[in-house]
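Trainee: Residue numbers (my numbering), protein chains in the order written: chain A, 1 to 99; chain B, 100 to 746; chain C, 747 to 912; chain D, 913 to 1401.
Calculated directly from the structure, the hints in this document are not laboratory data.
C-beta atoms are modelled at their ideal positions from N, C-alpha and C, and glycine is treated no differently.
Treat the hints with care, as some may be off.
A short list of chain C residues far from chain B (calculated; beta carbon distances all over 10 angstroms) [said to hold, decoys possible]:
#, residue
1, 752
2, 759
3, 764
4, 769
5, 780
6, 791
7, 804
8, 815
9, 875
10, 884
11, 897
Derived DEER-like restraints, expressed as beta-carbon distance ranges [unchecked claim]:
#, chain 1, residue 1, chain 2, residue 2, range
12, D, 1347, B, 404, 35 to 41 angstroms
13, D, 962, C, 866, 54 to 60 angstroms
14, C, 767, D, 1259, 54 to 60 angstroms
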Amino acid sequence: MPVQSLLLLSHALFCLGIYGILTRRHAIGLLLSIELILNAAALNFVLFSRAFGHVQAQAFALFIIALAACEAVVGLAIIIRLSRTAKTVFADHVDLLKG
Amino acid sequence: MDHAAAPAVTLTLPQLGWIPALPLLAFTLLLFFGRRLGRFSPWVAVAALAGALGITLSLAGTVFHGHRVAVSWAWLSADAPVWSIGLSVDGLSWLMLFVVTSIGTMIALYSMGYMHGDPRLSRFFAYLSLFCASMLLLVLADHFLLLYVGWELVGLCSYLLISFWFEKPEAAAAGRKAFITTRIGDTGLLLGILLLFWTAHELHFSQLDAVRAHLSPGLLTLISVLIFLGAAGKSAQIPLHVWLPDAMEGPTPVSALIHAATMVAAGVYLVARTLPLFTPESLQIVLTIGLLTHLFAGTVALTQTDIKRILAYSTLSQLGLMMVALGLGAAPLAMFHLGTHAFFKALLFLGAGSVIHAAHAQELGQLGGLRKTMPWTAALFFIAAVSMSGLFPLSGFWSKDAILLAARHDHPWLLWVLLGGAAMTTAYIFRVYLRCFEGTAKDHHGATPHAHESPMIMVLPMAMLGLGAIGAGLAGSPWLHHPLFRLLGETHVHEGVDVPILAWSTVAAALGLGLAWVVGVQQRYLLPPALRPLGSQLYRLAANKYYVDELYDRFLIRPFLDLARGLAGFDQRVIDGAVNGAGRVGWGLGELKAWFDQAVVDQLVNGLARTVRGAGATLRWIQTGIVQQYLFVVVMAVVVLSALLRR
Amino acid sequence: MSIAYGLLAVLTLLGAVWVVTLRNLFRAALSLGLVLLGVAGLFILLEAEFLAFVQILVYVGAILTLVVFAIMLTAKLHASSASPASRQTVPAAAAALGLFLVLVSTTNALTWPDYPAAEAVSLAALGQELVKTLVLPFEVISLVFVAAMVGAIAIAANPPMKPPPS
Amino acid sequence: MALTALLACPLVGMLLILALPKTAVKAIRSVALLATGAALLGSLQLLAFFQPGRTQVQFQEKLSWIPQLNIFYTVGVDGISLPMVLLTALLSFLACIASTSITERQKEYYALYLLLEVGMLGTFLALDLFLFYVFWEVVLVPMYLMIGIWGGGRREYSAFKFFVYTLAGSLAMLLAILALYLRTRSFDMVHLAAMGHTLDLGFQQLLFVAFFLGFAIKVPVFPFHTWLPDAHVDAPTPGSVLLAGVLLKMGGYGFFRIAYPIFPEGAQWFGGTMALLGMINIVYGAFVAMAQTDFKRLVAYSSVSHMGFVLLGLAGLTAEGWNGAMFQMFSHGVITGAMFLLVGVLYDRAHTRNLEEFGGLGVRVPVYAAFLIFFSLASLGLPGLSGFVAEFLALIGAYGRWTWQTTVSVLGVVVAAAYMLKVIRQVLLGPLNTRWAALPDMTGREVISLAPLLLVVLALGVYPLLLLQIQDTALQQVIAHVLGQPWQR
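The shape of chain A in the complex, shown without the other chains (with noise of 0.2 angstroms):
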């Protein structure tokens, strides 16, 4: 049953990349497990393009891609103007919401 355990694989990726998000200290690193989400996702819309023969799941496939690259792009510039300006590259460094 290859929609099935895809589809675990999808769900393991998305619940690694959460668990990454939650416990990565290095802003790039929470970059990366966010990649993992959206490969999670993107993986999810090929299958079932695949297994209903729909068009539309490969564009939007094909959309997460492109703003999976935006989205690394704008954290990038955001993570290396972080270390110039506060000296830091750990989110949890980062806490001017602190009430």
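Position chains B, C and D relative to chain A; hints supplied.
Mentor: The following block gives chains B, C and D in isolation, referenced to the frame of chain A:
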């Protein structure tokens, strides 16, 4: 009881609106262009008031024929008839209209002299015009709500005018006191209106007879007592009388117009207007309060030394007398006395104002012998004093004796009490007259020698009022067959002069006069030595106004302020800190101190965090600012929610 | 076929675990490359060759390179302080596991059509779809892309913008 | 399209401002003025074409937004929302004029300001619960930032408190909206109201309480009011104006639009509590205001007191009570907005708000004195001004059902007189404090921002039908519906 019988015809007359509109227009003009008008601004007010007087007079014929003039429009609801308000003139309101516009015109004229040179001259006349507009609105209203509007507006004008010289802290305080005290009474009126609306669904004065027919007596008593509470506040009846003596901080023409002739009489007017709602029980209350005020204020007036204050207490006393008349169910008599009182009391105040204007003093101790320098003022003051004492055949005689007659008819004992009150009245007013105008001029403080007669612009209006003080009573006298009572719809009137009453009241007045001379001027002790300590104690009690102000301060005002402060503290600490309880435990004492003020919200969140994290975690945990921890909560929430919502 | 699936799946999973657990960020990035390649392989097996190429080109070729650059640019910052241990690992693992279980139990309850049920999607159809039905989202994505570029340059530009007044 | 155009005015303005360089302060300000002015004109246009006698929603627009979830972009106005829209547009414009006191980061400020206006207008225009919620939340963020960035005093603390408090409230509301959706599969307010009576009582009670929490925090109802004084005191003047003038009304509006029509039985079940809380609000707020020494805090607590009349009128469930409550929302928005502007005028000059430090300013600043006296009198419910009409109607409407609560509430009227006269006395009367001997009077700009409010208060007080006839039909219909007659749309 014998309320105005249903008028024969009701005419619709839109011009009615001009009566309050003219002074209102003057107010607007003066407010915006007052500075530019400068010295001419008084004339705007005078012209407006004279115009209102003219319209009032032009209505006289119609009203004396027993017709009613009215105009109405929708106000709070486009279709519900109960919310359409209007103006109307019947005999009762015509009398008030006449009093307000005629005395208002006179006093406006007088003020031109009195306020001459004041930097806020135009503002004064603006307020005066606004007052007249509101008062006329109150009088013309044919609907409880509109009356309430006018009622509050006159209160406002009274406030503005009492604290007109607001640089004086006493004036500012007195204005506030007047406004708040009368507003306490007004809540009674408001509650009465609410109750009336919900029980009878009718607020028009013209329908009150029908309302009386279909409400239970208990309800009527409650409503009428509430309405009387409003009247008592405005007419300064016990226990809401405290504001009126303080109100003398205002300019004297204001005291004459508002705090003697018109506004304070509004309470009497209100009760007369709503008399159909009063049951015997509530009339008994009106009678008791009126009598108490009459006697209480009379004794206080005997002991005061500030001439304006004496006049203020005298006003209280006379208003009490009017309330007594109302309590006897005799609204026309009360209104009659209201009319004559307006003339002689306004004149007394203007006379006092003239004295203050000339001598710059208002303590009896600093005045004396002014008759030589101010003959006109002295003569007019004398006329007014005689009129108030009820000596035959001046105005005061007719109105007071009518009340005495009614009292004798209903409760014979009341006659003697009222005669005692009349003696007091004579005593205190002649004490003022004798010590101001007779005797020798005082030198210390250089009070009187350079005094001079007031200018014509002040004397002339006083003379006009003097004519009223002499002759206004004739309108209700048997000599002219009581045209006034016919105007008010009263048909059962006493014909001819009642000689015993005439005799008794003359005796009372003579007694009072003697008292004024012996005790007030010569300052001799009349009491036997054994009773003197008691006498001086009583004197001190009265001179300190029975300590009512002090009692109020101790038992009402301070607890009120304490309550306010207490609630504010409660708000800050308890409410703001209520949710804290749980979180507070987890905090160190130092943090507790630092966060004491801002505790609520943070600790609320804290409590939440504690439940999530367990006992060991601190509050800050949830607000670390670390996004990942927020995210963790989100993920957990998603897991739990989706597990719960899974189908 | 299923052997290929299995291999790629194991490869991907292993890479993913490394991505989130390796202390050394550089290695984690390389593991991400592994994951990306594994997913690309799966795309091929799912007959979405075009997407597989895009995945390799954009992800491995561009994004990953960018990440590596960033790591090296900021290297001295995390080299100086010892790479800190992960935080809240146990609760996070529990949360992730919980989420996994929920997801699995949800999808397990579903029934799927026989695989492969339909024709594979042709590249031509995809192209048609992109310029017809999805032309608006497509253009919006392009716009977003441009905005992201401009934004990234603005953010990372030298000299830095003034810090906000505190 | 009229309503969408109305929403678009500030939105376009915001986008324009974002496109301008941040040094072009003048241009930014003119764009903001133009945008808010256009919105004001648009709302007046609505008023001109509005047909008061019709029970249906007017100018309605309905577009499918998320069809899978039955979510629509539905906007429309009726007699309940039109006064609120007018109020929002008017106050936004005037507070924008008064925003000159903002001297830093103007670009961000005006952009957020316009976003705030979009949110406020949208809240009052939305007829779809989901859309309503979105706008409701849109309002939150700009206000949070306004207090947090341009405020004074403990601004971070106050902003955070405001945010968390209101967010907690809207969370309850969101859950209620979701529960309602799961039960009915609809977000359409009109449709939901029409099926209001079919929901079972327990469900209605639960959801009414949830919505109540959301709205009550915004109103704010005792004991959820403590965010209000802090937020008001620390917010910049225009922020306070909008906070008191419009944001509080969103809570009250929610009762009229959502809580009462959709849960009629729940609302009746809750009526006693509403009346009681209204009474507490009135009396308690007045007493606490009495004890304040900070001018702004005093006005803030007076808002608590005045909003109590809205609750009381609502609880009365009569035409008079509802008209009064609605009238109070409009009138209080105008009066309190003006009061905050006046506080701002004084604070800009004296840099203190402590009432005890003033005294005798009446001689120095006659124009200011006239405005302050006027609005204080309006606030204490002087007849002839709009506050009286509102309070009277609310009281008379509630009296029949909640006699003793109303009777106690009348006390609040007396206390209101006491604290407002205290303000007048401490600021204007008495001997002039020499410290302020050189205080300048109001400028033309300040007069312009206050004069329209004065006119509105006066006009509504003298001829209340101006507003009453707009709202009456809609309110009567909702009451009839709540009390059991079928919905007629």
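Trainee: State for each hint whether it applies.
Mentor: Okay, the hints, checked on the actual structure:
no.	hint	result
1	752	holds, 29 angstroms
2	759	holds, 20 angstroms
3	764	holds, 20 angstroms
4	769	holds, 17 angstroms
5	780	holds, 25 angstroms
6	791	holds, 30 angstroms
7	804	holds, 26 angstroms
8	815	holds, 24 angstroms
9	875	holds, 31 angstroms
10	884	holds, 31 angstroms
11	897	holds, 20 angstroms
12	D/1347 <-> B/404: 35 to 41 angstroms	holds, 38 angstroms
13	D/962 <-> C/866: 54 to 60 angstroms	holds, 59 angstroms
14	C/767 <-> D/1259: 54 to 60 angstroms	holds, 57 angstroms
Checked against the numbered hints given earlier, this structure breaks none of them.
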